[in-house]
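Number of protein chains: 2
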Amino acid sequence: MIKALIFDVFGTCVDWRGSVARAVAGALPGVDAPAFADAWRAEYDPAMARIREGGRGYIALDDLHLENLFRVCDRFHATCADPETLNRAWERLDPWPDVAPGLRALKTHRIIAPCSNGSIALMTRLARHAGLPWDCILGADIARDYKPKPAVYLASCAALRLPPAQVMMVAAHNGDLHAARAAGLGTAFVPRPTEHGPGQTSDLTQEADWDLIAPDFNVLARLLNA
Amino acid sequence: MIKALIFDVFGTCVDWRGSVARAVAGALPGVDAPAFADAWRAEYDPAMARIREGGRGYIALDDLHLENLFRVCDRFHATCADPETLNRAWERLDPWPDVAPGLRALKTHRIIAPCSNGSIALMTRLARHAGLPWDCILGADIARDYKPKPAVYLASCAALRLPPAQVMMVAAHNGDLHAARAAGLGTAFVPRPTEHGPGQTSDLTQEADWDLIAPDFNVLARLLNA
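The listed protein sequences correspond, in order, to chains S and V.
Here my numbering is used: the first sequence runs in plain steps of one and ends on residue 226.
Here my numbering is used: the second sequence runs in plain steps of one and ends on residue 1226.
Hints are computed from structural coordinates only; laboratory data are not their basis.
Where hints are given, some of them may not hold.
If you only want the chain S side, here are some residues facing chain V, beta carbon under 7 Å, derived [said to hold, decoys possible]:
| id | residue |
| --- | --- |
| 1 | Arg75 |
| 2 | His77 |
| 3 | Ile120 |
| 4 | Ala121 |
| 5 | Asp135 |
| 6 | Cys136 |
| 7 | Ile137 |
| 8 | Ala159 |
| 9 | Leu160 |
Only some residues are given here: those of chain V computed to face chain S with a beta carbon under 7 Å [said to hold, decoys possible]:
| id | residue |
| --- | --- |
| 10 | Asp1045 |
| 11 | Ile1120 |
| 12 | Thr1124 |
| 13 | Cys1136 |
| 14 | Ile1137 |
| 15 | Ala1155 |
| 16 | Ala1159 |
| 17 | Leu1160 |
| 18 | Arg1161 |
All of these numbers come straight from a predicted model, not from anything done at the bench.
All C-beta atoms, glycine included, are put in the ideal place defined by N, C-alpha and C.
Please model the entire structure based on the sequences and the hints provided.
Here you go:
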């Protein structure tokens, strides 16, 4: 029934906060690196919102990240000698430990692809860094729009020539799954309770009766391959 | 200098003729299967030409292949019980023996991706069948146009956020390389002298001073990784 699995990436597959903070600590000594990473990430949704709402044409997330970096540097009174290189931290995010083996197990029976707001370029380089064995790269660049707009999920299904009912979205974020379900896709929730650090309060548990709920990708593979 | 390699697939990576003929022999007993495969393939370029020239909007190659199948069945006075399944022969083409090991060697140092006229869906399923370890899928679907239009090469470079001079096109067809060079890409020629069967007369040798010329992907990897 489910022929392809498409995945949120930032938070669901990779630890953006720890990885970005590590890069910030190297590039901007003296800055509170986890706070800087949180502030950089907090600019993510507002930057996409203008594009989702039509106030700006589609611009790849790589460019939005760089614009946001300048804004956050100003706020932290930090001077970045090489912002282009620091921006590439988003291409070198480390995976959660279950992700690479879990994806390899999931790939034996189904097509696997990211459905992220990251560009094809970003997702391609991140996959090489993190060892994510995707069959292809789907998501925002395919739709030229940003999640949670339904067009992104639907364009990803259409690129695979599959009806949404044969595609399952895997995410650590209830909001992503609400949007995927509204577009007709299956849903799998894999919580990542430390994505936002030790004090995380959001997305600790499921907000709806998602089709599958698993603590990690290895268990998800056992549930799906059973 | 060269950061990504993009590949023609039909003929360059996979033996479409032998693989399609095998599927035809199974589905249409009594038909001259190699001749049918040749006739099916001969419809390929005229079908794309209307789209390249603007006389028809972009339609994925999967759909063009199916239209062409009906046309060729008529010409061969063949009745196909399940054309949709036979059309999927294009997703199950076998690679030339050097392709999978050669791509794995090439992938250690550079991004590798198909730049084919096949759709993302077709290329994804073909990669799973043939063991082609692509980093991402580029080509016609990304550009919504067909090679050798420059937009297809340029959209593939843009999706990787690389200038054309940092991308090399690998193909068994001189025409593909002429178009890639005109768009600013590097060029590598890997002849496939039996793509069209034992009597092949085209593309047996290079028609220009391509940047690299190699007899197979393993040698290409040695040249590039040296």
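Would you check whether Cys136 (chain S) satisfies its interface hint, that is, whether its CB is within less than 7 Å of any CB in chain V?
holds (4 Å)
Can you verify the interface hint for Ile1120 (chain V): is its Cβ closer than 7 Å to any Cβ in chain S? holds (4 Å)
| task | With a cut-off of 7 Å on the beta carbons, see whether Ala159 (chain S) makes it to chain V. | result | holds (4 Å)
Check your understanding: Does the nearest C-beta of chain V fall within a distance shorter than 7 Å of the C-beta of His77 (chain S)?
Key -> violated (30 Å)
(request) Have a go at the Leu1160 (chain V) hint: is there a Cβ in chain S nearer than 7 Å to its own Cβ? (result) holds (5 Å)
- request: Answer holds if the nearest beta-carbon of chain S is closer than 7 Å to that of Asp1045 (chain V); otherwise answer violated.
  value: violated (22 Å)
- Hey, does the Asp135 (chain S) contact hint survive, CB to chain V under 7 Å? holds (5 Å)
Check your understanding: Any CB of chain V closer than 7 Å to the CB of Leu160 (chain S)?
Key -> holds (5 Å)
message = Can you verify the interface hint for Arg1161 (chain V): is its Cβ closer than 7 Å to any Cβ in chain S?
response = Result: holds, 4 Å to nearest chain S Cβ.
Legend entry - Cut-off 7 Å, beta-carbon criterion: hint that Thr1124 (chain V) touches chain S: Nearest chain S Cβ about 4 Å off; hint holds.
Next item on the list: Under 7 Å, Cβ to Cβ, is where Ala1159 (chain V) needs to be relative to chain S, so tell me if that hint holds or is violated.
Entry: holds (4 Å)
Hold the hint about Arg75 (chain S) up to the distance rule: shortest CB distance to chain V must be less than 7 Å. violated (27 Å)
The structure is inconsistent with the numbered hints 1, 2, 10 and 15, although it conforms to all the rest.
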